Each structure stands twice: as C-alpha cells, then as structure tokens.
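Start from the sequences, fold in the hints, and give me the full structure.
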Amino acid sequence: MVFKNLEKIAPIVFIGPAVIILLFIVIFPMIYSIGISLSEWNLIRGGNWKFVGLRNYYYTFFQDPDFYTSLRVTLIYVTAVVGLELLIGLGIALLLNRSIKKIGILRTILVVPTTMTPVVVGIIWRLLYNPELGTLNYFLELFGFKKLNWLGDPNLALPSVIMADIWEWTPFMALILLAGLQSLPREPFEASIVDGASSFQMFRFISFPLLLPTLIVALLLRVMDAFKTFDLIFVLTKGGPGLITELLSFYTYKYGFKFFHMGRASALSYILFLILFVITQFFLKYYRAGEE
Amino acid sequence: MYTHRSKKKILNVILAIITMLVFIYILFPPIMLFLTSIKKNVDALRYPPVWIFRPIGSNYREIFNLIPFGNYLLNSLIVATISTFLALFIGSMAAYGLTRFRFRRSKDLSFWILSIRMTPPVASIIPIFIIMRTFKLLDSPAALIIAYFTFNIPFAVWLLRSFFREIPREIEESAMVDGCSSYNAFFRIALPLIAPGLAATGIFTFIFSWNEFLFALILTGTRAQTVPVALTGFIRETGIMWSHMAAAGVLAMAPMILFTALVQKNLVKGLTMGAIK
Numbered sequence: 001m002v003f004k005n006l007e008k009i010a011p012i013v014f015i016g017p018a019v020i021i022l023l024f025i026v027i028f029p030m031i032y033s034i035g036i037s038l039s040e041w042n043l044i045r046g047g048n049w050k051f052v053g054l055r056n057y058y059y060t061f062f063q064d065p066d067f068y069t070s071l072r073v074t075l076i077y078v079t080a081v082v083g084l085e086l087l088i089g090l091g092i093a094l095l096l097n098r099s100i101k102k103i104g105i106l107r108t109i110l111v112v113p114t115t116m117t118p119v120v121v122g123i124i125w126r127l128l129y130n131p132e133l134g135t136l137n138y139f140l141e142l143f144g145f146k147k148l149n150w151l152g153d154p155n156l157a158l159p160s161v162i163m164a165d166i167w168e169w170t171p172f173m174a175l176i177l178l179a180g181l182q183s184l185p186r187e188p189f190e191a192s193i194v195d196g197a198s199s200f201q202m203f204r205f206i207s208f209p210l211l212l213p214t215l216i217v218a219l220l221l222r223v224m225d226a227f228k229t230f231d232l233i234f235v236l237t238k239g240g241p242g243l244i245t246e247l248l249s250f251y252t253y254k255y256g257f258k259f260f261h262m263g264r265a266s267a268l269s270y271i272l273f274l275i276l277f278v279i280t281q282f283f284l285k286y287y288r289a290g291e292e
Numbered sequence: 001m002y003t004h005r006s007k008k009k010i011l012n013v014i015l016a017i018i019t020m021l022v023f024i025y026i027l028f029p030p031i032m033l034f035l036t037s038i039k040k041n042v043d044a045l046r047y048p049p050v051w052i053f054r055p056i057g058s059n060y061r062e063i064f065n066l067i068p069f070g071n072y073l074l075n076s077l078i079v080a081t082i083s084t085f086l087a088l089f090i091g092s093m094a095a096y097g098l099t100r101f102r103f104r105r106s107k108d109l110s111f112w113i114l115s116i117r118m119t120p121p122v123a124s125i126i127p128i129f130i131i132m133r134t135f136k137l138l139d140s141p142a143a144l145i146i147a148y149f150t151f152n153i154p155f156a157v158w159l160l161r162s163f164f165r166e167i168p169r170e171i172e173e174s175a176m177v178d179g180c181s182s183y184n185a186f187f188r189i190a191l192p193l194i195a196p197g198l199a200a201t202g203i204f205t206f207i208f209s210w211n212e213f214l215f216a217l218i219l220t221g222t223r224a225q226t227v228p229v230a231l232t233g234f235i236r237e238t239g240i241m242w243s244h245m246a247a248a249g250v251l252a253m254a255p256m257i258l259f260t261a262l263v264q265k266n267l268v269k270g271l272t273m274g275a276i277k
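Here the protein sequences come in this chain order: D and R.
Counting along the first sequence from 1, when you hit position 141 you're at 141 in the working numbering, and nothing is skipped either side.
Counting along the second sequence from 1, when you hit position 241 you're at 241 in the working numbering, and nothing is skipped either side.
It should be emphasised that the hints constitute simulated quantities derived from the structure, not laboratory data.
When the alpha-carbon atoms are kept at most 20 Å apart in a straight line, the in silico PhoX-like pairs for lysine-lysine are as follows:
| no. | chain 1 | residue 1 | chain 2 | residue 2 |
| --- | --- | --- | --- | --- |
| 1 | R | Lys107 | D | Lys285 |
| 2 | R | Lys9 | D | Lys101 |
| 3 | D | Lys254 | D | Lys228 |
If you're wondering where the values come from, they're calculated on a predicted model, not measured in any experiment.
Structure below.
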C-alpha cells in the first residue's frame, strides 16, 4: 500500500527537491532584490530600509551619466569579443577540420584557456601586459617598437582586456564549431565534388548553412557569458583607467560592495538581468526549436 | 597534374604551420606563468626577461608560509567537492524525473530550470549576501556550498538529461513490469548506466565551483576564502609578488587542466549543456 502511494508521487519526489531549492535560493532572493531596488539602504550607514519607489531606477536612467558610459563600454566589449571570437574560432575550426584527422589530446590543449581559473587568466595577462617587465613589451622592443602601457593607456586599456578575453574564449568557440563541422553529413560534399564545386562554394552553400544551428548556440552562449564578465576586469583593470573598462557587472559590484549602496546596486542588477533575460529568451526559443 | 599536387603540398605545409602557431599562441601565456613561478623573485623582476636561469621550487613552498595557502586550497576542495556531490544527487533525480515521467508542462519546467542558469550572478549576489548575513553564514564554507550547489543544479539537470535520454527506456520498463519501483529503477538501473555521464557532469561542476570568483569574493572573508580570491591577495599596494602569485596560479589551474583531460569525450557536450554533442 505504502509502496503504491510512493510510486504515485514519484515525479514529485524526483523533481521536487531541485525545484524547491531553486525557488528558495534563486527565485526568492530575486524577488527580495526587487524590494531592495525600491528602497534606499546603505549597508555601512546602517539604519532601516526607506521605501523610495522607482527613485533608484530614475537616478540610474536620468541622473547617472556613468551608467551610460558603463552600458556603452559593455556593448562595445560584448560585440567586439563575441564577433572576433566567432570569426577567429571559425577560422581555427576550419583549419583543424582540414589539417587534423583525430583531435584527441589537442582538444585538451585547446580548452586550457577556457577551463583554467579565470582569475589566473587575468594574472597571466597582467604579467604579459606589465609595462616595465612584461613579455609583450619585450617583444615590441625587440622588433624596434616603443613600449606600450597596455592597461594604463586610456586608448589601449579596453582593447587589451578584449585581447585577453579573446585568448580565453576563442578556443571554446573553435572547439564547438569543430564539433559541428565534424558531425556534418558527408553526402552533400561528395555530391558537390562530383559537380565540381570550389572549396569556397562548398563552405558557402553546404558547410555554413548546415553549421548555422551550432553557430547560433555557440554565439548565444558566448553573448550571455560576455555580459557577465567580471573576473578579468577585477584582476586586470578594476574598471580603469577612469571608466574606460567599467563593464556593467563591475559597475554593479562597485555600487553594492564598494559604496554599499544596496538600493542602487539592486536596481542596476535588475537592469542587467533584463538585458540578459531578453537574450536568454532568444537562446531558449532556438534551443527549444532544436529539441522538438 | 604535377603542379596541382605540389601546390596542394605547399598549401598543406602552410596550414600545418598556422595550426602550430595557433597552439603556440594558446600555450605561450600559461608557459610564461609557469616560467615565472620557478624563477627567483629578483629574476622575475628583471628586464629584459631572463630566459636562462636556475629553476627553483622554493616559491611553491613559500606561498604556504607567506599566506595560509594550504587552508585556502582545503577550502576550495571542501566547497567544490560537497557542492558537486549535492548538485549531482539532486540534479540526477530531477533529470531522471524530467526524462522519464510524462506530465503536463514537463518541457516548460525543464526550460525554466535552464533559464536560471542564465541569470547573471551579479544580480543574485546582493540578496544572497544579505540573506547569508542575516543567517550569520558569511565567511563560512557553508555559504559557498549552498550558493555553488544551487547554481550548479540547472547545469547538472540539463547535462544529465541528455545522458538519460541516450539510454533506452525499455530496460527500466521491463524491470518495472517485474515489479521494480521507479526508485529502484533509478538507483539500480538508470544511474549505473549513465555512470560515465555522471562523472563528466561532476567534473564540470567541480571545475565551475573551483574557478568561481564573484561569490567567493563577496561571501567570504579571511577564514573561508577560496583559491581564486587568495590569488588576488598577491596584488598588494606595495607591488605584486609575481613569482609567488605565479606559483599559486599554477597550483590553482593544474588540477583543472587534468580534469579537463578526463572529460575529453564529453567536453563539447558539457560546455554547451548538452546542446551540441
């Protein structure tokens, strides 16, 4: 009898715990956070929450010029890293697909940048970019160029961080696209060889359209992650010089845990959340179409 | 015909060289880190860089005396291990439930779980910080275990779901006809069948927890600090302790590279949460 009842509620026993935990540790705090974003509350000055309605949002949108700077930096950053990583990654994938029969151990080397601790990635690039003793400046001088202040020069700081991000994530793109290329059916290629197609035509009219679903999944995953970039900024530049590399995630962190202005930080985090929510919906829609 | 063939040969050589350059480009930065970690600090600070030097291992020893690096390693190990096992347990149950039971909106539920994976950590860190503070859990491993375990559930559910889907349900169904309960079917039949998938998922969640920085930075202080946060401690007002930081960095990343080598076969699947095989 007990056995029969247990069997009836099996779906709940299996799925329930995960749902409850997610509700408690993710969804409930997110709702709680709406409350904070509608209040004025400074963690250091103490005191109680003061309900201020939409003032934190109003401040962010209409009175805080730094928000737009940060938003612009973030959009430039995401577009640049994802675009370049996709292009270079596709190039590497095509190259490996052609020149290497079995990828084996090379695959592990390829994802070293992606699976190693992001803070260590930051440390490595800080070491390479160091204006006095960095290897990059050493090579520049070796070839007769002047030393550069990679992370300190306002014109160079953002491209430098972007370059580190590209090193970290391009192999990830390449690996996914390579997997996509290797799973393509052979028949269309054989048929096109018989028809005398050039290798560019083969890429343009066969590989590319067939690879498109993989490409979109990789692209969306990367866009979502790029919006969240934090570790690299924290180690490399702390958003500086000025606000040149101040990504939204870092800006939000600064409001919350440097200025302890929890209300404004929560408002900022909701804005970031909404941006990502829209992108996520695209991803899910696409993913779902593939599942069904 | 002859010229065509030799042209092709030249092209192949060029492509091989480019491929090699790509791998050198990928490996050069970590190699520089390793070289710095086996240099004396004076050598590490020398410019132009010295390429020939007597390698030393003392940096690796010294970091354990300079800072309580052993504790931080232990913290990282504890947090990553416990949160991984919890996420695997809860995640595999949910994944099994979502693939095996037919009920209304099961698909919506799966996608709701996936969408949680997409929320930016910086958006949830503020309320979680306040909640942990209220429950006096700040600077304790428990805070990080709870956070990592929860945020790894969606990943684990999705990846395990893709593994469960690959095993035919008939095996379990025939067992259940013989009177085996869903619970037995899960623990005795399905779970052992996806053991490799379970291991791969666990390795991934371990890597994520080990590497995580933002939550560790905000939820821990001096006691429960994990390795990534400890690494940033080498950047001080008085300057950066390069060779020591490099040694600590090597110790932080080496196990992750090893783990990556272990999941080779499921690497792409894991990195895309089962979207691409």
